[in-house]
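So you can see what is in the structure, the chains are spelled out below.
Protein chains: 2
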Amino acid sequence: MQGKKKIIVIGGSAAGPKAAARARRMDENAEITIIQKAPDLSMASCGYPYYVGGVFDDRNMLLCTPTGVVRDPKFYLNAKGIVARTETEAVKIDRKTKTVTVKNLKNGDCEDISYDKLIITAGAMPRKIPVPGSDLKGITTLQSMKDADYLRKIRDDKTITRAVVIGGGLIGIETCEALQLAGIEITIVEMLPQLLTFLDWELAKLVENHVKSKGANVITANGVAEFLGENGRLTGVKLQNGTELPCELAVVAIGVNPNTAIAGDAGLKLGETGGLIVNEFMQTSDPDIYAAGDCVESLNMITGRNVHAPYGDLANLQGRVAGENAINGNSAKFNGTIQTGICKVFDFAAGSTGLSEKSARAAGYNDIETVINASPDKPGFMTGLLLVTKIVAEKKNGKILGVQCVGPGDVSKQLAIWAMAIRGNLTVEDMINADLPYAPPFSLAIDHSIAGAHIMQNKLKGRMKGISCSDVKKRVDAGEKLFILDTRGPDEYEQMRLGIGEHLIPIGALRNRLNEIPDDKNAEIICFCKISLRGYEAARVLEGRGWKNVKVMEGGVMAWPFTREKKYG
Amino acid sequence: MQGKKKIIVIGGSAAGPKAAARARRMDENAEITIIQKAPDLSMASCGYPYYVGGVFDDRNMLLCTPTGVVRDPKFYLNAKGIVARTETEAVKIDRKTKTVTVKNLKNGDCEDISYDKLIITAGAMPRKIPVPGSDLKGITTLQSMKDADYLRKIRDDKTITRAVVIGGGLIGIETCEALQLAGIEITIVEMLPQLLTFLDWELAKLVENHVKSKGANVITANGVAEFLGENGRLTGVKLQNGTELPCELAVVAIGVNPNTAIAGDAGLKLGETGGLIVNEFMQTSDPDIYAAGDCVESLNMITGRNVHAPYGDLANLQGRVAGENAINGNSAKFNGTIQTGICKVFDFAAGSTGLSEKSARAAGYNDIETVINASPDKPGFMTGLLLVTKIVAEKKNGKILGVQCVGPGDVSKQLAIWAMAIRGNLTVEDMINADLPYAPPFSLAIDHSIAGAHIMQNKLKGRMKGISCSDVKKRVDAGEKLFILDTRGPDEYEQMRLGIGEHLIPIGALRNRLNEIPDDKNAEIICFCKISLRGYEAARVLEGRGWKNVKVMEGGVMAWPFTREKKYG
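As given, the protein sequences belong to chains S and P, one line each in that order.
Oh and the first sequence: position 548 is 547 in numbering that gives the first Met the number 0, straight run, nothing missing.
Oh and the second sequence: position 563 is 562 in numbering that gives the first Met the number 0, straight run, nothing missing.
Hints may contain errors.
Same chains, same label: a pair holds when it works inside one copy or across any pair of copies.
In silico lysine-lysine, PhoX-like type, Cα no more than 20 Å apart, as pairs [said to hold, decoys possible]:
{"#": "1", "residue 1": "Lys268", "residue 2": "Lys464"}
{"#": "2", "residue 1": "Lys127", "residue 2": "Lys237"}
{"#": "3", "residue 1": "Lys237", "residue 2": "Lys145"}
{"#": "4", "residue 1": "Lys73", "residue 2": "Lys480"}
{"#": "5", "residue 1": "Lys136", "residue 2": "Lys152"}
{"#": "6", "residue 1": "Lys237", "residue 2": "Lys97"}
{"#": "7", "residue 1": "Lys480", "residue 2": "Lys566"}
{"#": "8", "residue 1": "Lys332", "residue 2": "Lys398"}
{"#": "9", "residue 1": "Lys4", "residue 2": "Lys472"}
What the hints contain is simulated information worked out from the structure, not anything from laboratory work.
Bear in mind that the values here come from a model prediction, so they are computed numbers and not experimental data.
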């Protein structure tokens, strides 16, 4: 190489600064420039909802290093030797001359700057709702620092009493919590029949129940028909079914699209998801141009298909790879994603890694087994909190395809365990005896994840026939006469029961009360308890006594997502 | 088989009840008997320190199911169809006649009972200190429910002001915390030069500093010479160096030995560790006898050597395998352990999975690389807490051999991640782009574990030369003239510094103050900062400018286990 390598990075949020910093560490002498449209750099955008919600008050915490230095152009220049041009837009890429035309948004001046290697980290754009009224004041997204400032001011000013969040995904849910904490009456509107579509329905329903228990209103399977307004200001949201929701604020959070405008104009190849196609080196169809973050599509390592996976952690990891390769040639790899995500939902967390049952079936996996496990994360004497987990595995080989987990317990650790299991191509048999860190302050002696694998093993080996709460509910609602056996204690039954005609025989009395079970040894019997461990034991008792069609309702009362009869008092 | 299968389980703490319950689920008709010497069954023995410490007050919580039913013989009979004979000792196994002689400890009666399959889960016995005075009143272990009751009463009675805990392992540390919380003045005495020997010295030292910061006294590299007493009661502990520690209570926690007395008498094969030898089916040298839990030795899956690994989680997992195989023949497997353990230490947790540097070298791994990473577990705006992690990997292939982690942050999740990585045979390269659940309430965008892998990758690829805090300290103490570069800000330096003659140049000023660096491009320069990320950046800057012997002091100020100069003020 003659002279100093010139690296241009388009985009200064997550992937861009990471790529630039990594490039710098690979080559102290390269000329590295970040082009950033917004006034801020290196924003912790995943933290916006917590700033809006008042978890912390200092806006700079979203922008600063762990030791409190704001990551502004001066910081980039001094600490990293990187030129960061903010309020500057990249408007055109000329691949022949290897130049980027940039426009100074403060004065409108344009300039061509040349590169040896270009890294595109242009991020994603929030999707808009193409309905009347969408230009009214009071409608926003939560995508930019500006949006965060706007919503935080609303929180602080306390002028607004009612808001509608459109979209029940990660950002929608996080925004709902933030505004709810600010004392604003919230309705979430979701087009699909459930919140958080990375979850299967029955787990999403548990989250929905929790959101509602916090006082937020949730409307699913309904879209926005129109934004209503007066004098240019939002006054309400009209839904497709005609419902009108009066409100002064609407936050649109229906997902994002890769921001590929100038990349597309420059002829770089885009994939079916709309994201830039990159290889494992984060290299686009032009070998001198790399890309990373929310503007690219990534390989789903399980299905082998490309997906748009706009996660902050992947943006950073991909940026690191792009930055290294832009300097060193293609030495570093990003092999893909298993789409691990998590979201705080008031006192719950909810997340997923790998495939849900729904996404597994959509991807063509038909020979799969699923299991739902409910248990505390720690012993009762250490104030364990509930976890509800659904595991999806291939029947033929026990390969773990995906795991979802929700609840007030330590969801994050559970998902991390399973994410590593999937990354290591582990099977259910491998998880059976996983060697995890156990002490009572941290987990059960048999960790929730391992217990889930045990149940899955029992199912795969034909030792347990499961049935989901949803299936039981459907059949009860359809008027089927089922023998449903609640094996809990009478006190538990008094406090809370399903109220679906279940028959109570505590597990400790079952062997002496077999006469209450249908005589017909082929009769279908559905056992459950609080978490369905005793339900499973009951099933084994009955099977041992000759009953042939005994099922366990997975997750028991704790996983039941429908109304329960409760005794208050 | 003619008739009902007869299963005897010797031992009713963890592995035994699990084996019995699993056997029952495999065969509703088997006759299953648990022989238990103690009056209680199925005690959550890992919970003793938290009961002693007053984390909870209801003793039954150690003995009951998650729904509050005490696991006594009646419970076992009714709920599980298992006969549990408490206060009954198995005194002899006759393998020819397949009988166990049991002795009723209440009346001394003996009886022979026969088995088709026997499961030995006899646990372990606390090691004793063979010094004068060890029969004095006031000396105890924390191994049994009786011990827990004794110590809890001491806590509640508040009659004791000074105690000595002998042994700085898991139980010793947990006991220390429990008694310290009770307002008792504590000294921990450890024979070896450090606490928690599953940690390497520098991480153990961080734990020791934390223990001391809580007001407990720690004496390492010193053993007990004698227990001192008056009128049969303990009055003090005399150490090998002559120090006398006045105290009214001594808790001996110097480890456990497998309880194999009657198994050994019966001619079952014992291993070098003193534990029963079992195969992957948990079968002893007698095919009709299985064993599980603290009385067996297990395969360390990394080194291929047998170890004694008395962990509560493994006892349960092994018990499950033994119970299944006792009924079904050898269908279930326990493949071994990677010796994952964790311990709460006041506001810290400390744990390890796989091999420490010390144990790796002892096992013959010579071509290894290590790295120490310090960072918060979450972003600053979510009140992230410090984690200090040491990773050990093989140089030739990057295989992860072990990880230790300590600090106030989420140590448990970190260890779970690494335990799964090791179980999946992952390499550092695999961990570089691990796909973990990220949202600000749960982790950094680049999780602490992944950042550790990044640093390790940089070292393995020769991009970073590391040096440990210990090595720096040793060389400074030896009077070596080193150029040690602190790259933090002046405010950070004012607040807390190492005070080892370091030179302060904030990273942002480094490129303009290169004249302060030794002219000699071969001079050794050691860079650090708070966590040594800026230290690494500084090293890259200097290397980019031609310096050839630049090192990064790993973990920076946060991992420095020696005295620091602090400004209070």
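Verification of the supplied hints:
Taking the closest pair of Cα atoms, Lys268 and Lys464 never come within 20 Å of each other, the shortest separation being 48 Å inside a single copy and 40 Å across copies. For a Cα distance limit of 20 Å, the shortest separation of Lys127 from Lys237 inside one copy, 16 Å, qualifies, whereas the shortest one across copies, 76 Å, does not. In this homomeric assembly, Lys237 and Lys145 never come within 20 Å of each other (Cα to Cα): the closest approach is 26 Å inside a single copy and 68 Å across copies. Within a single copy, Lys73 and Lys480 get their C-alpha atoms no closer than 73 Å, and across copies no closer than 35 Å, so neither meets the 20 Å cut-off.
Taking CA atoms no more than 20 Å apart as the test, Lys136 paired with Lys152 passes inside one copy only; the shortest distance there is 15 Å, against 67 Å between copies. Taking the shortest Cα distances, Lys237 and Lys97 never come within 20 Å of each other, neither inside one copy (49 Å) nor across copies (79 Å). For a Cα distance limit of 20 Å, the shortest separation of Lys480 from Lys566 qualifies neither inside one copy, at 26 Å, nor across copies, at 75 Å. In this homomeric assembly, Lys332 and Lys398 come within 20 Å of each other (Cα to Cα) only across copies, at 17 Å, whereas the closest approach inside a single copy is 25 Å.
Taking CA atoms no more than 20 Å apart as the test, Lys4 paired with Lys472 passes in neither setting, with 65 Å inside one copy and 39 Å between copies.
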